[in-house]
Amino acid sequence: MSQAENTKHLTPQAGLVKLTMLISGAVFALMMLIGVVMRASQGGLLDMEPDLFYQLLTTHGAGMVGTAGLSGAGIMWYFLGRHVNLSAKMYIGFLALFLIGVVFILVSTFVGHFGGMWTFLYPLPAMSAGAWEPWAAAAFMLGYVFIGVGFLLYYLAVGVAIIKKYGGLGRALGWHVVFGKADVTEAPPPTVIAAAAVTIFNTLGIVVGAAVLVASLVNLLVPGFVVDALLAKNMIFFFGHVFINASIYMAVIAVYELIPEYTGKKWKSSKAFILAWSAILLFVIAVYPHHLLQDMVMPAWMLVMGQIISYLSGVPLLAVTAFSMCVYLHGSKFKWDLASSLLVLAVAGWSIGAIPAIIDGMVVVNQVMHNTQWVPGHFHIYLLIGEVGMSFGFMAWLVKSKSQKQSGMGAMDKLLLTSFAAGGAGFTLMFLVSGALSVPRRWAVHMPEWFLQDRLATIFALLVVFSILTQVIRYATGLSRNTAK
Amino acid sequence: MILTAFSPRSANHKVRTRYGILAIISACILLLILVVFRRALEATPATHMVLLLPALAYVGALFAKGMLPNGVNISEANANAVTCASVWAIFFWMLPRYIDASLVSPWVDLLKFTSIPIIIGGGLALSWRKTNPYLRGFLQANALSMLGVLAFLYTYAPVRICNSYLVSDQKALGGIFLGIAAALSIYWCLPLFLCPKNFNKKGLSTNNAIT
Amino acid sequence: MTRAARLGGRGGLGGAAYFLPSLLTVLLGFAGIWLATNGLQALTDESAKRLRIKREHPQLPAFVLQNMNGQEITIGGTLGQNTSVTLVEFIYTTCPTICKTAGSSYGQLRDRVEQAGLAPTVRMLSVSFDPQNDTIENLKSYAELHKAAGDIWTIARINAVDIERIKRNFGLRILEDEIWGYQHNTAIHMINANGQLSDIYDIDDIDSVFAALSKS
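Protein chains in written order, with the working numbering: chain A, 161 to 645; chain B, 3 to 213; chain C, 357 to 572.
Next comes chain A alone, as it looks inside the complex (with noise of 0.2 Å):
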């Protein structure tokens, strides 16, 4: 018995985590479409209202986190099922918050037309102007309560699962092999520490968000109730950097667990492993401030911890991740096929994603760049070819077939790859172009000096759209042959 057949059936939820990855495929899938339309209105191919263009890009923001999320959240589940006993009902409970919280989202911007942007910044989703009413800011943010109530119970499920298997948090994150005298051996594997780790940054991360939320809320149904405004970009800014980094450190997981799987070389958990991760989990607490180097009114202690944590972040990431998988790979008979392939090419992305995030990281160049389209830019890397890569590497995992596994790459195969790699790489730098040129981000209206590179961003993105819409599809029927057997 091959190790994918023997590990298969020790995931008893995989049903549900197959459904929750096709329906992140495809939302994934309309809201690249809602990009494709936003940039071809930006370069002047389409003629658009900027109310409803401020609506497509509040929807695409918040659908893109949220089923980054989501995403990243099925594979962690997938494979910490593995390792320990999860809650089936708990996981449907979770998926069921989060659906809900999609509807009241989709109805505050399409029905409600909500174009606060998805960080829900005060005093933005408070005072519209007369351009949605405040039940409209009410339910979008209610909508992230669900979702955040959704992902509470997800990680209180993992968290219970680990602690009952692994005895506490510390011997989880391995410490007891690091700080104590436990043999490497007795390490645990990479998906628990990594579950661990993501478990107690994002529930502190969602216990912050609900906070700022709760308070936003009361400010929309009391006005009377003004909020510190500076406090709660701090608290929205924490909660969504680790959200989103969470989603893409969940996502990892299926580099942990799969890439071994075509090399032949398990991947273990090393001092430095352990180390890297326990950094993490510190690095992605406290660099926050980095989004917030533009606020004269920030403690300059803060903002200097951003910066350097920020330089320091790329580090770990590195060493885990990147370097272990060069080294895997080398000298290993590597099997390329789809799934391998978007996988290796997410970590890639991740990684160079990082460079251009690091240089946005620094005070001196933030704020010049930050209000520029340097920064979707940057987070479009290592979430389109990183985050959007791992999801759709393991969705490819999940449906490959017997035969397709000796064949490696079909034809149809290496064009879906190639359209997503190249559209991607076109696609992010264009933006990163913009940024340099100083093009704003967030603008409905574009001068016509900067439609070139919105003109490219539409094809290259139109590509992309292409590449997911087709795998997208190959899944769902592949699911459906699968089960058919």
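To be clear, the hints were calculated from the coordinates, so they are not data collected in a lab. In this text, a Cβ means the ideal position worked out from N, Cα and C, and glycines have one as well. Don't take every hint at face value.
Unchecked claim - So the derived list for chain C, only partly shown, Cβ under 8 Å to chain B, looks like this:
#1 Ser378
#2 Thr381
#3 Val382
#4 Gly388
#5 Ala392
#6 Leu396
#7 Ala398
#8 Thr400
#9 Asp401
#10 Glu402
#11 Ala404
#12 Arg529
To be verified - Lysine to aspartate or glutamate pairs mimicking DMTMM-like chemistry, simulated, CA-CA at most 20 Å apart:
#13 A:Lys324 with A:Glu346
#14 B:Lys173 with C:Glu532
#15 B:Lys173 with A:Asp388
Following the hints, complete the assembly by docking chains B and C onto the known chain A.
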């Protein structure tokens, strides 16, 4: 919550009964002190919300432990329900409207001095440990968030929430709520990182978990 | 291990019967809170009071006040009103903080009333609840500071003997604060032509007050 005697009936049953009587006596003394000094404790929102109300809950917990030293035979499903009822009672007594009303109306004050010990203190003392761990975790996380919200609003908003109290006292209360949230998060989370001494090492495994 | 054993047990979740008690408690609890807060509208004493007044329109007894020129004027009661609506805010002129901003939003309201031609039907009063310290001279200088000429907006003070009745009828709570001033409800109380207390607004919510005045 406070005394941890939940093992089945055993030889030290007598000792436990003696502790039970002690608990009831202390509860009575504490309740008496709270009733006598209630006006002083109600003078500021901080002492009212952070001393008087939790002390009343503690009175109820002591009574419950004293009268039922072995706990009650309650299923997890019912324990969940009792815990939910206690949480609603906590929610009710966080409403500024009824905090204000308890200072003006003796009936509301009486409700405060009875419902908090019985529903919150007694209810949680008997049900909390038997409550589903997911529900407990969910409520704990929400308690931290809501303390954060109250701290957030009370320390900044210019709105006077209780007509009986000064805005400056309200601000102080917000700061105290923040402190409590921080303390509770450490108190609740720290044990999660530690491995219990009696944890079975065989449970720890490498990659082959479920066999 | 069977699938059921893996999911059930301590920390697991059972069937529908398992959720029923909690679900019932949650629903009952929510219903209780809903009732106790008038459908989540009145979480504070102040909002509960406003809701009650808006619904019941309690009749105010007649109170005789003394204005900044030393003349007697009346609010409440069922007789002798020559304007249809009276707005009352309670102040004390030595107030260092909130009454100042309250005065400025009251001034804005006066300007809007004037511009809309509502002046004949609206009377605006700033009433001191501290007659011991607020002499006629103090009222006069307060009026000059806020340009309250007496045509629409008048400054007045209560009679010392009326303080408890005023507090009861208007639902005022006045506390002495740490800098020998007072904290009190800063709000705009609307009295209709029948001498009934008909509504209470936040002091800075002049949009709503103006809308109500335009309607009546």
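- Message: Under the constraints set out in the numbered hints, which ones does this structure not fulfil?
- Response: Number 6 only.
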